[in-house]
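Mind docking chains B, C and D on chain A? Use the hints.
There are 4 protein chains.
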Amino acid sequence: MSTSSTPTTTLDPDSARQGYDRDRLVRVAVLGVGMMGQDHARRLATLTAGAELVAVSDVDVARTDAVAQEFGVRAIHDPRAAVTDPEVDALVIATPGFTHEDLVLLALDAGKPVLCEKPLTTSPETSRRIVEREAELGRQLVQVGFMRRFDAGYQQLRALIASGDHGAPLFLHCAHRNATTPPNFNSEQLMLDSVVHEVDVTRYLTGEEVVAIRVIAPRSTAQAPEGLRDPQFVIMETESGILVDVEIFVNTTFGYEVRTELVAERGQARIGLPEGMVTQSAQGWGGSIPKDFKERFGAAYDTEFQRWIDAVRNGTNVDGPGVWDGYAAAAVCAAGVRSLRTGERVEVDLGPRP
Amino acid sequence: MSTSSTPTTTLDPDSARQGYDRDRLVRVAVLGVGMMGQDHARRLATLTAGAELVAVSDVDVARTDAVAQEFGVRAIHDPRAAVTDPEVDALVIATPGFTHEDLVLLALDAGKPVLCEKPLTTSPETSRRIVEREAELGRQLVQVGFMRRFDAGYQQLRALIASGDHGAPLFLHCAHRNATTPPNFNSEQLMLDSVVHEVDVTRYLTGEEVVAIRVIAPRSTAQAPEGLRDPQFVIMETESGILVDVEIFVNTTFGYEVRTELVAERGQARIGLPEGMVTQSAQGWGGSIPKDFKERFGAAYDTEFQRWIDAVRNGTNVDGPGVWDGYAAAAVCAAGVRSLRTGERVEVDLGPRP
Amino acid sequence: MSTSSTPTTTLDPDSARQGYDRDRLVRVAVLGVGMMGQDHARRLATLTAGAELVAVSDVDVARTDAVAQEFGVRAIHDPRAAVTDPEVDALVIATPGFTHEDLVLLALDAGKPVLCEKPLTTSPETSRRIVEREAELGRQLVQVGFMRRFDAGYQQLRALIASGDHGAPLFLHCAHRNATTPPNFNSEQLMLDSVVHEVDVTRYLTGEEVVAIRVIAPRSTAQAPEGLRDPQFVIMETESGILVDVEIFVNTTFGYEVRTELVAERGQARIGLPEGMVTQSAQGWGGSIPKDFKERFGAAYDTEFQRWIDAVRNGTNVDGPGVWDGYAAAAVCAAGVRSLRTGERVEVDLGPRP
Amino acid sequence: MSTSSTPTTTLDPDSARQGYDRDRLVRVAVLGVGMMGQDHARRLATLTAGAELVAVSDVDVARTDAVAQEFGVRAIHDPRAAVTDPEVDALVIATPGFTHEDLVLLALDAGKPVLCEKPLTTSPETSRRIVEREAELGRQLVQVGFMRRFDAGYQQLRALIASGDHGAPLFLHCAHRNATTPPNFNSEQLMLDSVVHEVDVTRYLTGEEVVAIRVIAPRSTAQAPEGLRDPQFVIMETESGILVDVEIFVNTTFGYEVRTELVAERGQARIGLPEGMVTQSAQGWGGSIPKDFKERFGAAYDTEFQRWIDAVRNGTNVDGPGVWDGYAAAAVCAAGVRSLRTGERVEVDLGPRP
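Protein chains in written order, with our numbering: chain A, 12 to 365; chain B, 12 to 365; chain C, 12 to 365; chain D, 12 to 365.
Any given hint might turn out to be false.
As the list claims (entries may be wrong) - Chain B regions said to be covered by chain D (calculated; three or more residues, Cβ under 8 Å): (1) 264-277; (2) 284-298.
Said to hold, decoys possible - To spell it out: a stretch of chain B is covered by chain A in this simulated footprint if at least three of its residues, at any positions, have a beta carbon under 8 Å from a beta carbon of chain A; those stretches are: (3) 172-185; (4) 236-250.
If you are wondering where the hints come from, they were derived from the structure by calculation, not from laboratory data. Glycine is no exception: its CB is placed at the ideal position from the N, C-alpha and C atoms.
Okay, chain A solo, but in the shape it has when bound (with noise of 0.2 Å):
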């Protein structure tokens, strides 16, 4: 039985240069262990190859606690000593939107390796200051978890894209659609947790930044709790006119579903259409559809996590998205949040990348 703790001689002079060790573990501690970070501590204890999960952190003592315990790891109540503990080489951020910013600079003051849950922050304005921070240091040390990206999918998509077998894009019919919504949610966390995806999506499928926004709302459903305008539409222009129309539903009773539809000049494509086993009986055929967003992405998760590991352990930049992604998001769904209000097109301006 290894302990992997014979010093090697690293040969990589790449890895070499960022000071890993390629026959080492990384040390990760998460940071906020809600249903998200328990996962993620999950992820990281028992599928990740290459890492440890040394810690976990959120200011809810009596969680934290109880998740250290149940994956035989250290608590650390305050999220902000975790990031500058020497025994963690990595941080998954996992905490409400609202910590980000804190955490992610004090991540980067300390040099170490952050994988952040989307949001990256909660306005542009913040982001924004992210980017220029993580500018300064010349060093990519900051992905942001936008992991449909790791989803064969949208790489599927990505790729016919690039490929120009089908012409040049000019929609994309996105729908994202969930089961139910917490209690409390409301109109600009749907723009704010669901429609950043397909923000995100956009930029990553087109390679084009979002350049207008505007939402319409049809009627909504009578299983929307109070205040909630559920459905909504959104529309998106990227910059050579590609049109991006969403339809965000969270109330739909029946399930969890992420498709997108190409139409390029010379062709069409989706993903995201129903898979695994199709049956027949008295009620019909067909087959299941995935009952939450575990389900639909659990595999991207896996990717995504085991994608950056890799890079922090060959002391690479992290190849996700980073923090620009995640300021650009900010920005669009910033100006999304006006739209919903005004009922306007809204357009989006992100200034110059530094």
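Below, chains B, C and D without anything else, positioned relative to chain A:
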């Protein structure tokens, strides 16, 4: 071999009242024998039980004579004369749209059943005139050629909505794609010739009028001829706030496709998905795409004609879409053309129904 | 209103030669008005252009009278009298199989076109007799009701095989599933009433005769009535060595399904896949399964009848499956019944074709 | 950066008893580094959490050295030495089948966990010897590489059968298709290398042993190399009379495909249907077919390895298919080879399970 000539005692009081004899064939003239009219002539001559094609009529004399000879029927060079011909019981109008008003009004005067290809007329005002004229007659004589109402898919979707099983409708996502357009096809024709079907589909499926429309155009495909904005994106709102979006794209190069997706409060449904043989080969797995509307909607046209002839034979009112449907579609499309020019949302007011 | 009574100058020399008048309707009598015969009567009365239902005939006097009244046609209580009736031009035979030989031979003597529901007769010997009698007449008068040949899917599959694009066929995997069977349905009827279609399909698709058959039975379903081996598994071999396996399962409880999968040297193809509207709801995603053969093959029956009447009107030979097809199917099924009893592979020898 | 070296107090009494330390990595040697072994080496080195690839071993010295260098691990030129090496905790055996018996028995003697690629051995007799040897040890050390048991589709299908919702299984219709075979592939290998998977799938899904097998060969494809009967059709019967048919076709030219269809008393289910992006273009609609087993079953292999390492780390018995599964598959395949030669149905008798 029967000649169907024996006078029969008509027992059905309804048909007796209307003066039709169920054992006789309905003598039909087809006005306009371009591609569409020829197709209808063939349908009446070979497929529609109870119909007898007796004449064809077109201002193009040579074409009229050729088609008449092909089917062994009379050539009538003046379409107005065909309408009033005593040997003609019923009329199919497939002439250019600008001629419809005159011919339909003439048929109403003659008290003859008409199946009029869409558009009913080229403006809401002229369509309204027909609505009022038919209302004066107190009897439905005109059916408008919205053949999708006879497509099994649309009928299934309508029945689903009517059942209420999925709750109230919230969205219809529609796509209408053609391989190519004829020369000189312009941006307004996209609205008047293609989107008009989606307007009727919206009204047929939801049972509501369209109250507003707006048109947004993404970048145009390089395949579009000079001067044609293609594709376009049309957004309609119905009385209860259902949002209907339509991708209209008429130079896809890859074939003909018409899809509709319903999103309701507790379910979702799609029609127009690929059907037929599915193959596997070195090119992958898949199937073929209909090349044109005849392949996609051939069975719907057959059913439309059979049911129209059945109604005419039985002396009952035609049961298909009528002049109000034609008028409403014309009014919405006229508003759509305005929106296409201004980029603004345009409201639609149909006025009172006579 | 036309009576179609005006004698026309028949310009088509072919139809003149055959003695038929294209402007007249073919007067048809339906023999046997059980479920199938009534369905055909309705089809001829309302859907088949060029046909006129003039009489129905069944040994069940009350049923004959009721159906005759429903359609407003003559009731003829002796089917043999209907065959020879001078006011009857053509015959649809939907009586029980054991009566077919007599009625078809009578029709051949009368020189009248026949559409005979399968089976042509109940034994290879009697079918052979009809083959020889028709051969003496030198003219094809009898079409056997293998309606699948008029189903779009089978036609696509046959065209694919004929194209040679996928190389030579190697397998046909077939499934034939019914929801339930009528009382007293026995194991041999599975072969004679159901597998008979797969025998014809095999011959139609491959253009080869079946040279051997064997039947293997897995455990029976608990839903099968006493005495019925259900399901069964039938394996046929064609002249060139194509292997055809058939799952025949007639108490599935879930609906009616007929699928065929071709495996060829360089490709594979499937027909009979689910079609129509696809929904999503709390029950999952999917669609409905046809409840019976009428739903699955309704359009095929319509086409079969239209093409048969067209051929009769044009005075040409019927172009559908003929008596040799009926005989070959009967011979293979008889061998299948032997295999069912013995468990052995049974070879089939059709003898020379007259 | 952690070295995971701190000795931890193992709280889990089970793992303490087995002598494994949960915080340490399992040191694995891969025996046989052909295509399959290299793939497994890469998997252990980069994807399997808790594993550490420490050595590779192959009788081909040059290949061993090259692969060892690629992964930065030891090259051991004698596979038997790798088995007994004290720095190796567990073994993956991917050497040719004829070497398996010797290596597995040696590993059993050494008390080391083994993941042995199928076949367990090349004859029922030798497999039986391993079954008995492991039974003497009283502890499951050997897992056989039937990776399909870790495929989500097979797991869904098994759960469906186990639920009883569809009643008792009656049929499994299976297809196993490869694009091409390596040179010198012969008819018996079709059974031993390919059908062996379907044998295990049958046992895994139904929980029953196979009691008889017969092989029928249709005409061979022109693409088959000299001497290879390809395709073949294999029919198995289980204890309760479930019929399992397998189309095995290894020169399809079009790709890799493994499908299984269950037919049960009140329902039907399919797995292995096409997944992933669906496109439309001038070539029609459709998607791509996996090119090989790595693409089709890559995720199953990943899961198989992760769960095997998890079990080894936890010091529990391996939970995957064991030596009895390997023996039963070998016995059925040996009977299949006999049937292939004689054309007869061959019964299988496994003898008592130790």
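Hints violated by the structure (numbers, ascending): As far as the earlier hints go, not one is violated by this structure.
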